[in-house]
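Residue numbers (the working numbering), protein chains in the order written: chain X, 1245 to 1508; chain G, 1245 to 1508; chain W, 1245 to 1508; chain D, 1245 to 1508; chain Y, 1245 to 1508; chain V, 1245 to 1508.
For the record, the hints were derived by calculation from the structure and aren't laboratory data.
Heads up, some of the hints might be wrong.
As the list makes no split between identical chains, a pair holds if one copy fits it or if it spans any two.
With a Cα cut of at most 25 Å, we get these calculated SDA-like pairs of lysine to any residue [claimed, not checked]:
| id | residue 1 | residue 2 |
| --- | --- | --- |
| 1 | Lys1412 | Leu1246 |
| 2 | Lys1435 | Gly1397 |
| 3 | Lys1435 | Gly1450 |
| 4 | Lys1412 | Tyr1335 |
| 5 | Lys1435 | Asp1454 |
| 6 | Lys1474 | Asp1464 |
| 7 | Lys1319 | Gly1374 |
| 8 | Lys1320 | Gly1337 |
| 9 | Lys1435 | Thr1401 |
| 10 | Lys1319 | Glu1439 |
| 11 | Lys1316 | Gly1252 |
| 12 | Lys1319 | Leu1447 |
| 13 | Lys1412 | Ser1422 |
| 14 | Lys1316 | Glu1442 |
| 15 | Lys1412 | Trp1432 |
| 16 | Lys1412 | Thr1436 |
| 17 | Lys1319 | Ala1264 |
| 18 | Lys1435 | Ile1247 |
| 19 | Lys1412 | Pro1448 |
| 20 | Lys1316 | Trp1373 |
| 21 | Lys1412 | Trp1373 |
| 22 | Lys1412 | Gly1397 |
| 23 | Lys1435 | Glu1395 |
Protein chains: 6
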Amino acid sequence: TLIFDLDGTAIGQINGLAVANLGDYSFGRPSRVTASVGIGASGLINIERESRLSGRTYDKGLLIIDGYIRNKYAKKHPITLSASIAMEQSYGGIDGDSASVTELLCLLSAVGGIPLRQDIAVTGSINQWGEVQAIGGVNEKVEGFFDVCRETGMTGTQGVCIPHSNVKNLVLRPDVVSAIEEGQFHVWAVKTLDEAAELFTGLPAGAIDDSDTFHGKVADRLELMIDTLKKQPTSSGSHLLWTPGMPTGLPPDPRPPLPGDEGR
Amino acid sequence: TLIFDLDGTAIGQINGLAVANLGDYSFGRPSRVTASVGIGASGLINIERESRLSGRTYDKGLLIIDGYIRNKYAKKHPITLSASIAMEQSYGGIDGDSASVTELLCLLSAVGGIPLRQDIAVTGSINQWGEVQAIGGVNEKVEGFFDVCRETGMTGTQGVCIPHSNVKNLVLRPDVVSAIEEGQFHVWAVKTLDEAAELFTGLPAGAIDDSDTFHGKVADRLELMIDTLKKQPTSSGSHLLWTPGMPTGLPPDPRPPLPGDEGR
Amino acid sequence: TLIFDLDGTAIGQINGLAVANLGDYSFGRPSRVTASVGIGASGLINIERESRLSGRTYDKGLLIIDGYIRNKYAKKHPITLSASIAMEQSYGGIDGDSASVTELLCLLSAVGGIPLRQDIAVTGSINQWGEVQAIGGVNEKVEGFFDVCRETGMTGTQGVCIPHSNVKNLVLRPDVVSAIEEGQFHVWAVKTLDEAAELFTGLPAGAIDDSDTFHGKVADRLELMIDTLKKQPTSSGSHLLWTPGMPTGLPPDPRPPLPGDEGR
Amino acid sequence: TLIFDLDGTAIGQINGLAVANLGDYSFGRPSRVTASVGIGASGLINIERESRLSGRTYDKGLLIIDGYIRNKYAKKHPITLSASIAMEQSYGGIDGDSASVTELLCLLSAVGGIPLRQDIAVTGSINQWGEVQAIGGVNEKVEGFFDVCRETGMTGTQGVCIPHSNVKNLVLRPDVVSAIEEGQFHVWAVKTLDEAAELFTGLPAGAIDDSDTFHGKVADRLELMIDTLKKQPTSSGSHLLWTPGMPTGLPPDPRPPLPGDEGR
Amino acid sequence: TLIFDLDGTAIGQINGLAVANLGDYSFGRPSRVTASVGIGASGLINIERESRLSGRTYDKGLLIIDGYIRNKYAKKHPITLSASIAMEQSYGGIDGDSASVTELLCLLSAVGGIPLRQDIAVTGSINQWGEVQAIGGVNEKVEGFFDVCRETGMTGTQGVCIPHSNVKNLVLRPDVVSAIEEGQFHVWAVKTLDEAAELFTGLPAGAIDDSDTFHGKVADRLELMIDTLKKQPTSSGSHLLWTPGMPTGLPPDPRPPLPGDEGR
Amino acid sequence: TLIFDLDGTAIGQINGLAVANLGDYSFGRPSRVTASVGIGASGLINIERESRLSGRTYDKGLLIIDGYIRNKYAKKHPITLSASIAMEQSYGGIDGDSASVTELLCLLSAVGGIPLRQDIAVTGSINQWGEVQAIGGVNEKVEGFFDVCRETGMTGTQGVCIPHSNVKNLVLRPDVVSAIEEGQFHVWAVKTLDEAAELFTGLPAGAIDDSDTFHGKVADRLELMIDTLKKQPTSSGSHLLWTPGMPTGLPPDPRPPLPGDEGR
Ligand SMILES: [Ca+2]
Ligand SMILES: [Ca+2]
Ligand SMILES: [Ca+2]
Ligand SMILES: [Ca+2]
Ligand SMILES: [Ca+2]
Ligand SMILES: [Ca+2]
Ligand SMILES: [Ca+2]
Ligand SMILES: [Ca+2]
Ligand SMILES: [Ca+2]
Ligand SMILES: [Ca+2]
Ligand SMILES: [Ca+2]
Ligand SMILES: [Ca+2]
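Next up, chain X with everything else stripped away, as it sits in the complex:
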């Protein structure tokens, strides 16, 4: 009884793609990522890490996201936000950075208040400049989302967004190939976060000083949030719900990484 949203749009919510491993058999399964953003100075809270459910490469992915945001939006103003990113309904530990495009899109949607399409699932690894890098298990991931869509009824608009450098790895099941050929299911390949953002939002990626674009909306909200915080007479350092870094000192997850990411 996992909860998914496979049509319409939502803010701060996105469908990612993971690979589950059952002995000899592995299959893709979608996973829902959510980002919660508020006024405050808690920083970027990695919920998986804070609850010791993440591996090293997953954590590196979130640090790269942090570097992307610093490079993109903190050139003229500092950034102060209070945000948390969670893999919903995931309890068994997670590793790999193949969800970092997913997480960055989700976070920026929540910051900018920009709706994301729920009928597309995305996988890919990001670097500090927003380039999308290849990931493992691309076929299982595409097929896994296809199966979930078919189960609940295909809409014709559904599909997956994958790294351009993974196109050469695509060897899909005949039924998936047919659906794609008939225009019932879609595979989009992207080279940059900007291309993915345009696909998910319908907005041009744009520039941070153009409010009618994806990056402009995010930059405007970051500016608004820090302005709101500045108006608070007390020191902004204290507007903490959760103390970031709280679970430091805890050992890494001893469980093996998820199959789809292990093979990177």
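Based on the hints, put chains G, W, D, Y and V with the ligands in the right spot on chain X.
The following block gives chains G, W, D, Y and V with the ligands in isolation, referenced to the frame of chain X:
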């Protein structure tokens, strides 16, 4: 000699449901959760974690609660509170996020000063948007609360609140089924925190800017608390009774998770 | 050559009750708890924990005390104090929360400057609302304090304060029963911290806004302390003697818990 | 499908050189280092370390970089920056300080907004005064970059920058020697960071008070960044995206160091 | 070639007493404790602990010292100091709290600028009220200091200060007994820190508001130090040489405790 | 290809002496220590410790240095500095406090901008009062520096500075004895840091209020640095490049200590 309250209402106190395991035999037992809230900037203190009695999924549950609060109440103002959540009379370690609906209701009751019904016990997992997700061991949990109520005398208003997605798992003992059919015991199924809040408080869930509703009362108190703190001339960062994050660096509980949550 | 005080009154000092285990033979022994309170912002320092001599349940007991104080005294003002609680002359590690009533009484005495009777020893576990919960080893604890009193000469006013829910567990030695029947030794059973406070101080428990009562005196001093700190021009965050949380990252005590608490 | 840039220039991006080990056979492979810099006070974030993917000597290298910056640029003003350094597309753990010249050049490029040549790869260890020290595996590293360049088409301007003290270790493959002799590939040997900076940027190294030089441009931007931060009314301490030091308390990477650095 | 001072007086320096163990044979040896105090807000730095050379009971001893200072001097003003306590020339790890009287005297001497006699060595454990408690190995400790004095030439004023509750344990070597009987060596027994302070300084212990006494001089300097710090325009929180708590997260000393303290 | 400076002077740079162990054979080798100092509030950064390359006694040595500085320079003003100390070109871990005189001289040179002779190498352990204590392996250390000097050509002014209490341990090789007798190599023995400072700088040690002396120059720069920091409008607490204490929570170096220090 566990202490329970099975009638009337109370603020910052609620009956949860756990599953105890004695070799081959497992049975449900209620557990009391309390939340203590004061003026200050200690953040949200997870007492089980701070005393190294919690597992990873339990901690993730509290981080999700933190994300829920950020998303719901921190859109226009930052949030500064000093609160602690404890599983009373629990010493053996706890895991699983099946108490996260319980804890969130309890915390919001303590923040908003809103009385909660003590004749209902609740189980369920929450996500960052307040959706209630399925949990394990639902039958044992319902039967366990039924048994405790019968022991101290049933009032006719008592019952349990479970996730809607667990209704299909219900296969209860004949005596419990009879009591339900006779209207002596009740099972409520909810899809969202809002539905649970309305059940426990009799208030409409409402919106944060309507003071006559559940969310409005919580938002008003959060605003009042930060206003009170702002009037303090000293830096609010120092109004700490307990330093959050103090037990960082301590290893996780080596004990096995509680049975009811393990099976998730 | 342990140091005890078995008559008169003292501020910030109280006699607790522990159980020592020598192979097959276990016996009760009193323990002295002291609380030191000063102007400052170090928070509530758990000396046993900071020196890695405490177990998880002991630490949970102190977090519950913290929750009690937040709930009781921090409704209108934040609380800033600098206090430490120690088990004097204890070197071998401690676990269990059966000293939490003892510690809370001792701390509130030190905060409020309220003398506590030294001729009574107390045991019991507290919850966030100040309810006193059952503990283990009640007979050995009562007998242990009786023996210490007899050794140094009984005064006729001496006795022990135990949780009401432990009365049913009392099966005392004939000589202790005789002394109680002859009014030479006493056993008081309490349900709440308020009852214990009235027994130890002779003051009514009262309300925080009535300065002639136990809680009123504590509240007045907390207010006075924060007012004193506010008058300091430098940031109150720096008035630290010892950095709370300093020993974080240290492993828990590998030694087994004390016998009297293990059985909870 | 690793992403490299082998011509033109880029800011905050540089090609480093590592050695991969496959059983008996070891070979050089380039690695891309990126530095992201923004207004803020997060300090210098070592992404490898924060994700527990670095060894001790790698971390020491970044601390030496920190010492270099303190000594060079913090004589008249304090330094406040928010920067992160990452080894892109590296997941298997990293050790050794043979990338510290690489990282320092990359960081200063990002701080000063100074473009770096992408057709040169660099290796070398730095000390607190900016002297370049010998590293291991110099031949494999040179040959590895040569092979990558040849694969994508040599431009005639490409080459590697190595420590002067490693020149005596050079015993290159005949094809590499021929390319060098024909002016198709280049090996530059440097004794100081200043020499490397001039090679990569075409600017004179210069002095911190001469804005037309490498160090002058870096110093000007550091001054500009702290001035921008000062104009923020809220305490600069809160402009944190990621809390530096967050993953403290985590165990070091158990994996063996990379071969090229092990032999130092 | 250990350095000792066995006559005259010195500020912030004192001779303690330890027991060394060589297989079957154990003997006492003096140890020099020094305390360094400056203007600042680093708190009380336990050098042995910060370098992971201390055991749990040693650390508890320093926390008790912290509690003593809070209780004695922080009733009207907060305390801000920057002080470090070291066992000079000790490398092998230390445990036990038998040096806590020694350390407290040394610290108060350094704070108050009060000279301490160097011809007396002291041993004893302190509680939060300044009562001196029994320690182990008293005979070896007395004899050890006697031997060191005799080696460098006895002055007739030399001797040791021990807990009053250890007098009953004294069974000294004939040569030590003779020297004591002839007035060439001395044993002082004390019940409180005040008695020890009067012995070591020649000042009356006195009250904190009488500047001609031991406690008055300490209180005056604490007040002077916080006044000096207040005049600093920058936040006092930043006047740190060493960050207290820096080595948190490090494991305890695996070495066995020193013999003299083990037997407590 | 280690880098050494064996003539002239340099600021913040000094030659220390270590002992390397190759199976049965041990020999001395010089090591270069550098100190980087800037305006800021990072405190005293122990680079070896922060990269987990130091043992306990090495760390204690740096804490003693911190205590020395507090006692010497922080009597009238607090101290705020940002400094790092590194053993250059050392990767294998380090233990022992025989480099603490070396490090303290180097740090004070960097703080005061005072040139140090590079033709002298120094070894010795310091206490909080600046007394120089005996170290191990003195003969190997003297011979090791002699050999390095001879290799690069002796200048006639070169030599080593050792603790006075180690003079009695000197049994040098005949060729070293000859060079000393012929005035071609020198051994200076010192009892205090002041004597060492005069040897290395040619300045009188002096007093902190006399600007023409070693201590006066250091004190003047410390005052200048804090004055510079005070003029910064933002809180000085944020001028951090590296967060001190960042690697807390990491286990100590499992490698054995260096031979020369082990034997202490
Ligand atoms: Ca939908
Ligand atoms: Ca704008
Ligand atoms: Ca009731
Ligand atoms: Ca409102
Ligand atoms: Ca008495
Ligand atoms: Ca009042
Ligand atoms: Ca290019
Ligand atoms: Ca300038
Ligand atoms: Ca003397
Ligand atoms: Ca006074
Ligand atoms: Ca030179
Ligand atoms: Ca001066």
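Consistency of the hints with the structure:
{"no.": "1", "hint": "Lys1412 to Leu1246", "result": "between (32 Å within a copy, 14 Å between copies)"}
{"no.": "2", "hint": "Lys1435 to Gly1397", "result": "between (30 Å within a copy, 22 Å between copies)"}
{"no.": "3", "hint": "Lys1435 to Gly1450", "result": "within (16 Å within a copy, 39 Å between copies)"}
{"no.": "4", "hint": "Lys1412 to Tyr1335", "result": "between (32 Å within a copy, 22 Å between copies)"}
{"no.": "5", "hint": "Lys1435 to Asp1454", "result": "within (22 Å within a copy, 40 Å between copies)"}
{"no.": "6", "hint": "Lys1474 to Asp1464", "result": "both (15 Å within a copy, 21 Å between copies)"}
{"no.": "7", "hint": "Lys1319 to Gly1374", "result": "within (16 Å within a copy, 27 Å between copies)"}
{"no.": "8", "hint": "Lys1320 to Gly1337", "result": "neither (38 Å within a copy, 34 Å between copies)"}
{"no.": "9", "hint": "Lys1435 to Thr1401", "result": "within (21 Å within a copy, 28 Å between copies)"}
{"no.": "10", "hint": "Lys1319 to Glu1439", "result": "within (22 Å within a copy, 29 Å between copies)"}
{"no.": "11", "hint": "Lys1316 to Gly1252", "result": "between (29 Å within a copy, 21 Å between copies)"}
{"no.": "12", "hint": "Lys1319 to Leu1447", "result": "both (23 Å within a copy, 23 Å between copies)"}
{"no.": "13", "hint": "Lys1412 to Ser1422", "result": "within (18 Å within a copy, 35 Å between copies)"}
{"no.": "14", "hint": "Lys1316 to Glu1442", "result": "within (17 Å within a copy, 27 Å between copies)"}
{"no.": "15", "hint": "Lys1412 to Trp1432", "result": "within (13 Å within a copy, 38 Å between copies)"}
{"no.": "16", "hint": "Lys1412 to Thr1436", "result": "within (17 Å within a copy, 43 Å between copies)"}
{"no.": "17", "hint": "Lys1319 to Ala1264", "result": "neither (40 Å within a copy, 36 Å between copies)"}
{"no.": "18", "hint": "Lys1435 to Ile1247", "result": "between (30 Å within a copy, 11 Å between copies)"}
{"no.": "19", "hint": "Lys1412 to Pro1448", "result": "neither (27 Å within a copy, 45 Å between copies)"}
{"no.": "20", "hint": "Lys1316 to Trp1373", "result": "within (8 Å within a copy, 28 Å between copies)"}
{"no.": "21", "hint": "Lys1412 to Trp1373", "result": "within (23 Å within a copy, 38 Å between copies)"}
{"no.": "22", "hint": "Lys1412 to Gly1397", "result": "between (29 Å within a copy, 22 Å between copies)"}
{"no.": "23", "hint": "Lys1435 to Glu1395", "result": "between (30 Å within a copy, 21 Å between copies)"}
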